[in-house]
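Colleague: Heads up: the sequence lines are chains A and B, in that order. Here this note's numbering is used: the first residue of the first sequence is 1, the next is one more, and so on. Here this note's numbering is used: the first residue of the second sequence is 1, the next is one more, and so on.
In case anyone wonders, no lab produced these hints; they're calculated from the structure. Do not take every clue at face value.
Note that identical chains are pooled: a pair holds if it fits in a single copy or bridges any two copies.
Said to hold, decoys possible - Calculated pairs, DSSO-like style, for lysine-lysine (alpha carbon to alpha carbon, straight line, at most 30 angstroms):
1. LYS184 with LYS75
2. LYS141 with LYS184
3. LYS72 with LYS118
4. LYS141 with LYS118
5. LYS184 with LYS72
6. LYS89 with LYS118
7. LYS178 with LYS89
8. LYS159 with LYS118
9. LYS89 with LYS184
10. LYS89 with LYS186
11. LYS186 with LYS72
12. LYS75 with LYS141
13. LYS151 with LYS141
14. LYS72 with LYS141
15. LYS118 with LYS75
16. LYS159 with LYS178
17. LYS184 with LYS151
18. LYS159 with LYS89
2 protein chains.
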Amino acid sequence: MPSRSLAKLTKRTLPLSRVYRLLEPGPVVLVTTARNGRRNVMPMSWHTMIEFDPPLVGCVISDRNYTFGLLKATKECVINTPTVELAAKVVACGNTSGARVDKFETFHLTPRVASRVKAPLIEECYASLECRVIDTSMVAKYCLFVLEVLKAWIDPALKSPRTIHHLGMGEFMVAGEKINLPSKMK
Amino acid sequence: MPSRSLAKLTKRTLPLSRVYRLLEPGPVVLVTTARNGRRNVMPMSWHTMIEFDPPLVGCVISDRNYTFGLLKATKECVINTPTVELAAKVVACGNTSGARVDKFETFHLTPRVASRVKAPLIEECYASLECRVIDTSMVAKYCLFVLEVLKAWIDPALKSPRTIHHLGMGEFMVAGEKINLPSKMK
Numbered sequence: 001m002p003s004r005s006l007a008k009l010t011k012r013t014l015p016l017s018r019v020y021r022l023l024e025p026g027p028v029v030l031v032t033t034a035r036n037g038r039r040n041v042m043p044m045s046w047h048t049m050i051e052f053d054p055p056l057v058g059c060v061i062s063d064r065n066y067t068f069g070l071l072k073a074t075k076e077c078v079i080n081t082p083t084v085e086l087a088a089k090v091v092a093c094g095n096t097s098g099a100r101v102d103k104f105e106t107f108h109l110t111p112r113v114a115s116r117v118k119a120p121l122i123e124e125c126y127a128s129l130e131c132r133v134i135d136t137s138m139v140a141k142y143c144l145f146v147l148e149v150l151k152a153w154i155d156p157a158l159k160s161p162r163t164i165h166h167l168g169m170g171e172f173m174v175a176g177e178k179i180n181l182p183s184k185m186k
Numbered sequence: 001m002p003s004r005s006l007a008k009l010t011k012r013t014l015p016l017s018r019v020y021r022l023l024e025p026g027p028v029v030l031v032t033t034a035r036n037g038r039r040n041v042m043p044m045s046w047h048t049m050i051e052f053d054p055p056l057v058g059c060v061i062s063d064r065n066y067t068f069g070l071l072k073a074t075k076e077c078v079i080n081t082p083t084v085e086l087a088a089k090v091v092a093c094g095n096t097s098g099a100r101v102d103k104f105e106t107f108h109l110t111p112r113v114a115s116r117v118k119a120p121l122i123e124e125c126y127a128s129l130e131c132r133v134i135d136t137s138m139v140a141k142y143c144l145f146v147l148e149v150l151k152a153w154i155d156p157a158l159k160s161p162r163t164i165h166h167l168g169m170g171e172f173m174v175a176g177e178k179i180n181l182p183s184k185m186k
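Same shape as in the complex, but just chain A (with noise of 0.2 angstroms):
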């Protein structure tokens, strides 16, 4: 049964130039990709913005994941934000690899048909990123892939997520309050 798009559902499109203003906060994130027939789901927590407009992505993936070879091969992912809702599960998909089971099946997670990329979306992620890999001359030295968001989508009912951040070891920061000051930078 092929997935439904998920611009018919409740993402809207995010101007690419706003899409530093997702990761700049460093979130934990949901890689996806998918491969003949195969996908899979990864958190990750090393990346960095490299540039505003286009959005360039940098993210450090270790060969030891299934990921690594998903996305050197089709050089395609997606970059999925989840909520504190989601970090049982986003534990759970770091627990587990994707060359043993299926994370959207064993985790209840929905795949969602992108528009730039093969890899799916999720569903339940308040935030998606359709990527594609630019530049891999740092791959074999640093495990360091160079991304291009193509298409951004984000929920625009959720205005202040509470993402989660990696503190290492099973801890993990939740979002707080925003503060407001006046800055010149962008």
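Add chain B to chain A, keeping to what the hints say.
Modeller: Below, chain B without anything else, positioned relative to chain A:
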């Protein structure tokens, strides 16, 4: 007047194997640099862990920033982690250029002598990582420096530091509650 060593004050050595737990949650940090009697402080959010131990950090610093030249020339910096009490000073550092003012003096930040690099530590920050640039091959294309953390300092009294996380356009998220989950991830 020479600065005193931070080691004599409130900070303790943090094992290098634990450095990732400081940076992985994605806080805004203050990067300090020094050269020929000049020094600078720059807020930065575009960073990622690359390796656990020895800790490697990737960071993107625009060539429009005064810090870029200092870092490229000296290949040394300190990554200092402020908490929310310093938020106004963090923004002030971002709103001004080190080419024109000494931000330590202007914003009343206290420099301390580092042990492995010439760049100063910031006493008011709860953690400081002395770093050396080990790879500049991605600087021309992405302004991406790879740093190795040589020495790490932390205030052992602060168990739940209220770090700040940049959402863009003057908006910051302050670190909220902690949760623990049965994760197998490091």
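Colleague: Provide an ascending list of the numbers of those earlier hints which the structure does not satisfy.
Modeller: Going through the list in order, the structure violates no hint and respects every one.
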